[in-house]
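Sequences listed follow chains P and A, in order.
If you're matching positions, the first sequence starts at 1 in UniProt numbering and goes up one per residue.
If you're matching positions, the second sequence starts at 1 in UniProt numbering and goes up one per residue.
Among the hints, a few may not be true.
Note: identical chains are not told apart, hence a pair may lie in one copy or across any two.
[Said to hold, decoys possible] Restricting the straight-line Cα-Cα distance to at most 20 Å, the calculated cross-link-like pairs of lysine to aspartate or glutamate (DMTMM-like) are:
no.: 1; residue 1: K63; residue 2: D92
no.: 2; residue 1: K177; residue 2: D30
no.: 3; residue 1: K27; residue 2: E48
no.: 4; residue 1: K177; residue 2: D157
no.: 5; residue 1: K95; residue 2: D65
no.: 6; residue 1: K191; residue 2: D92
no.: 7; residue 1: K191; residue 2: E174
no.: 8; residue 1: K94; residue 2: D65
no.: 9; residue 1: K133; residue 2: E80
no.: 10; residue 1: K95; residue 2: E81
Keep in mind that the hints were calculated from the coordinates and are not lab data.
There are 2 protein chains.
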Amino acid sequence: MQAAKPVLYSYFRSSCSWRVRIALALKGVDYEIIPINLTKDGGQQFSEEFQTLNPMKQVPALKIDGIIIGQSLAIIEYLEETRPTPRLLPQDPKKRASVRMISDLIAAGIQPLQNLSVLKQVGEQNQLAWAQKAITSGFNALEQILQSTAGKYCVGDEVSMADLCLVPQVANAERFKVDLTPYATISHINKTLLALEAFQVSHPCRQPDTPVELRA
Amino acid sequence: MQAAKPVLYSYFRSSCSWRVRIALALKGVDYEIIPINLTKDGGQQFSEEFQTLNPMKQVPALKIDGIIIGQSLAIIEYLEETRPTPRLLPQDPKKRASVRMISDLIAAGIQPLQNLSVLKQVGEQNQLAWAQKAITSGFNALEQILQSTAGKYCVGDEVSMADLCLVPQVANAERFKVDLTPYATISHINKTLLALEAFQVSHPCRQPDTPVELRA
Numbered sequence: 001m002q003a004a005k006p007v008l009y010s011y012f013r014s015s016c017s018w019r020v021r022i023a024l025a026l027k028g029v030d031y032e033i034i035p036i037n038l039t040k041d042g043g044q045q046f047s048e049e050f051q052t053l054n055p056m057k058q059v060p061a062l063k064i065d066g067i068i069i070g071q072s073l074a075i076i077e078y079l080e081e082t083r084p085t086p087r088l089l090p091q092d093p094k095k096r097a098s099v100r101m102i103s104d105l106i107a108a109g110i111q112p113l114q115n116l117s118v119l120k121q122v123g124e125q126n127q128l129a130w131a132q133k134a135i136t137s138g139f140n141a142l143e144q145i146l147q148s149t150a151g152k153y154c155v156g157d158e159v160s161m162a163d164l165c166l167v168p169q170v171a172n173a174e175r176f177k178v179d180l181t182p183y184a185t186i187s188h189i190n191k192t193l194l195a196l197e198a199f200q201v202s203h204p205c206r207q208p209d210t211p212v213e214l215r216a
Numbered sequence: 001m002q003a004a005k006p007v008l009y010s011y012f013r014s015s016c017s018w019r020v021r022i023a024l025a026l027k028g029v030d031y032e033i034i035p036i037n038l039t040k041d042g043g044q045q046f047s048e049e050f051q052t053l054n055p056m057k058q059v060p061a062l063k064i065d066g067i068i069i070g071q072s073l074a075i076i077e078y079l080e081e082t083r084p085t086p087r088l089l090p091q092d093p094k095k096r097a098s099v100r101m102i103s104d105l106i107a108a109g110i111q112p113l114q115n116l117s118v119l120k121q122v123g124e125q126n127q128l129a130w131a132q133k134a135i136t137s138g139f140n141a142l143e144q145i146l147q148s149t150a151g152k153y154c155v156g157d158e159v160s161m162a163d164l165c166l167v168p169q170v171a172n173a174e175r176f177k178v179d180l181t182p183y184a185t186i187s188h189i190n191k192t193l194l195a196l197e198a199f200q201v202s203h204p205c206r207q208p209d210t211p212v213e214l215r216a
């Protein structure tokens, strides 16, 4: 019996979904996408069917090897352990710590504060300022950290999990009109990464659920 | 030359600091604490000296093996890789995925939304409702996930990184007066864990910077 193709529950614009799409592309995993529209029908992530799959009512969730995993970094770590090539974590534990620190800085320190459900709570007139504050505060720290960790990419010269977090977060920053001038290192690494195929095929503007007017 | 003792920058009440204190206790790492008071002097994490150590201006940060690591889960993963006994991640990749999913659910999905700096932004009259919403929404998901992962602890019968996240988050829930009645599994596991020595010596009520009136 052939193993079932992994299924990614994804939303084109979700930065956390994009992280996982990059990982799958880099590792050459063939997968199917089931789009979950976070704004349509009051949010398809709240459907009973999806809640059974992911009680967090969030994307991404990955059905793979007979299990369902939620939380993008947990998914990427699982892919890394079960499909180790090419690696997304360096071999040296100290460098791995840098990769995970940067990943968590973005995944726990920035993204949760500017995601859709929080911005709804904050109220329409405050959303932009709120999101900008979360992102600039995190990017101020990140720019400083990258001074000592970065090579061509976030940590040295190998693409790592940290880079999978960086690019989608920069896209969010642009969407929220954050002035990126103070973040020369972040911007430079982002640009370098966006030239790689795995970052392009996984891009929000090229997903099956990307609205026609946003396609590129 | 003797290796320098690890130094943990910690605040007694910080749930993220507590996670790391439990890991250090379980692994029997002898360390020194430098308390960073998040409320005194307008927040000691904002001092120039501390910012140099941790640009995120957050605790915990761990100085160890010649490096400084921020972000609690990155610290715990580093400890796991360099001091593997007793292990805090199971051997089976699928179970490791469950541990990381639960850890991230708390560390990225709950804690960041109810931490001190966010609650300050939300304003005093909204703080309690805001924190309660973040915690109950996360705990609703967690209680459901634990139905399929839990044994004696969050994932099976071995203490894992997920448990290091659970106990401090339940303490936060209690501080924000969340009704824990709907969370029978969470409450039961929390109680079981609190009986373990590593969770007791690391408890906020027993830290060098615990105010006298909160000591136990």
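Here's how the hints hold up against the structure:
no.	hint	result
1	K63 - D92	between (30 Å within a copy, 17 Å between copies)
2	K177 - D30	neither (34 Å within a copy, 46 Å between copies)
3	K27 - E48	neither (32 Å within a copy, 41 Å between copies)
4	K177 - D157	neither (29 Å within a copy, 48 Å between copies)
5	K95 - D65	between (29 Å within a copy, 12 Å between copies)
6	K191 - D92	neither (26 Å within a copy, 37 Å between copies)
7	K191 - E174	within (13 Å within a copy, 45 Å between copies)
8	K94 - D65	between (30 Å within a copy, 9 Å between copies)
9	K133 - E80	neither (33 Å within a copy, 34 Å between copies)
10	K95 - E81	both (17 Å within a copy, 12 Å between copies)
Checked against the numbered hints listed earlier, the structure breaks hints 2, 3, 4, 6, 9; every other hint is satisfied.
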